[in-house]
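J.: Given only the sequences and the hints, what does the whole structure look like? Please build it.
Here the protein sequences line up with chains A and B, keeping their order.
Each residue of the first sequence is one higher than the one before, counting from 0 in numbering that gives the first Met the number 0.
Each residue of the second sequence is one higher than the one before, counting from 0 in numbering that gives the first Met the number 0.
Mixed in with the good hints there might be a few duds.
[Claimed, not checked] Dumping the calculated BS3-like pairs for lysine-lysine here, alpha-carbon to alpha-carbon at most 27 angstroms:
| id | chain 1 | residue 1 | chain 2 | residue 2 |
| --- | --- | --- | --- | --- |
| 1 | A | LYS79 | A | LYS49 |
| 2 | A | LYS1 | B | LYS3 |
| 3 | B | LYS137 | A | LYS49 |
| 4 | B | LYS4 | A | LYS29 |
| 5 | A | LYS1 | A | LYS79 |
| 6 | B | LYS137 | A | LYS29 |
Keep in mind the hints are simulated off the structure, nothing from the lab.
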Amino acid sequence: MKVLNVIATAYRATLEEQDDTVLWLTHAMKGAGAELDVLLRANAVNYAVKAQDIGRLAFGERVQKQGPRLAEDVAGLIAKEVDVYIVTEDLADRGLAADALIDGLKEVSRADMATLFDDYDHIWHW
Amino acid sequence: MADKKTLTFALMDAPFETARTTTALRLIDIAARRGYDINVFAYEGAVFVPFALQKQHSNPVHGHPEVEEEDHPLPREWVSALIDEVMKNGGKIDWVNCGLCVDERGAGESIEGVRRGAPGDFWAMATASDNTLVIATK
Chain A
0 MKVLNVIATA YRATLEEQDD TVLWLTHAMK GAGAELDVLL RANAVNYAVK AQDIGRLAFG
60 ERVQKQGPRL AEDVAGLIAK EVDVYIVTED LADRGLAADA LIDGLKEVSR ADMATLFDDY
120 DHIWHW
Chain B
0 MADKKTLTFA LMDAPFETAR TTTALRLIDI AARRGYDINV FAYEGAVFVP FALQKQHSNP
60 VHGHPEVEEE DHPLPREWVS ALIDEVMKNG GKIDWVNCGL CVDERGAGES IEGVRRGAPG
120 DFWAMATASD NTLVIATK
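T.: Below, the structure written as C-alpha cells:
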C-alpha cells in the first residue's frame, strides 16, 4: 500500500513538539516499513525554506535548548527515499524562489495534483 | 456479514475544542451500528478523547445548578458507548492512543478498551483496512 501524506496546516505546535507532528509521524511510520510520500502545500511549503531560524525561546529562566528544525526534517525524509512534492503555485504565492529551498524537492503544479494522487492507494490530508 | 468492512480512523483534535471530534465519533457510530471492524489511532490531543478523569459539571448559565440537570457531554462516555455498540453488533474495535502523545500530556488514565501504541500500529491498521480516514487538527 502506498500513501501520500498531504501537509497543508503549518507550524501546528511546532515549538511545543520540536517538530511538525505529521513530518514526525511520517519519519516514524517509514521506520516501521510504511510506503509513504509527502506533499507540502499551502503554508506548509515554508517547511522547505533553508533559512528558518526560530531564534531563542525562553520563559523567565527556562531556556528551551532544542527547537524544531523543519527543513532538516524534510531533508531527512528525502534522504530516506521519501518523495517530497511541493506545490509550485503555493511557493510563488509566498515569493519563495528555488534557491531558498532545500535540495531534492519535486515541484508539482496544482493542475497536476490529481494525476499525482492517482499514483497512490490512499491520500491522507493533514 | 458478507460486506463487512474494516475502517481505520486517525483522530488528532483534543476534546471540547472543535466539532471535528464529534463528527468523527458520529462516523464511527455508523460503522459500529453496521457491525464493521474499527480501528482508531488517536494522535496528539485526541489521546484525551477517552481520558478517564473527564468530569461533568453544573452550569448555572444554562439554569442548571446541579450536575445531573446539565448532563454535560463527556467524550470518554461516548467512546465507551461506541465500544459497547461495536461489540453488540458483532464488530471489533481497536482504539490505540499514541504513547508519546500520552506521555507529554500526562494523559495516561484512559477508559477500559483503550491501549497504548505507536505510529507502526497506525500503519498496520491502515494496511489491514478497506479504507482509512484522517481527521487532522487544522
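J.: If you draw a straight line from the CA of LYS137 of chain B to the CA of LYS29 of chain A, is it 27 angstroms or shorter?
T.: holds, 24 angstroms
J.: Does the alpha-carbon distance linking LYS4 of chain B and LYS29 of chain A stay inside the 27 angstroms limit?
T.: holds, 26 angstroms
J.: Taking 27 angstroms as the top limit, are the C-alpha atoms of LYS1 of chain A and LYS79 of chain A close enough?
T.: holds, 15 angstroms
J.: Please verify whether LYS79 of chain A and LYS49 of chain A have alpha carbons no more than 27 angstroms apart.
T.: Holds. LYS79 of chain A to LYS49 of chain A sits at ~19 angstroms (cutoff 27 angstroms).
J.: Is it true that the CA of LYS137 of chain B sits at most 27 angstroms from the CA of LYS49 of chain A?
T.: Satisfied, since the Cα-Cα distance of roughly 24 angstroms is no more than 27 angstroms.
J.: Hinted pair, alpha-carbon criterion (27 angstroms max): LYS1 of chain A, LYS3 of chain B. Please report holds or violated.
T.: OK: LYS1 of chain A and LYS3 of chain B at ~23 angstroms, within 27 angstroms.
Hint compliance for this structure: every hint is met.
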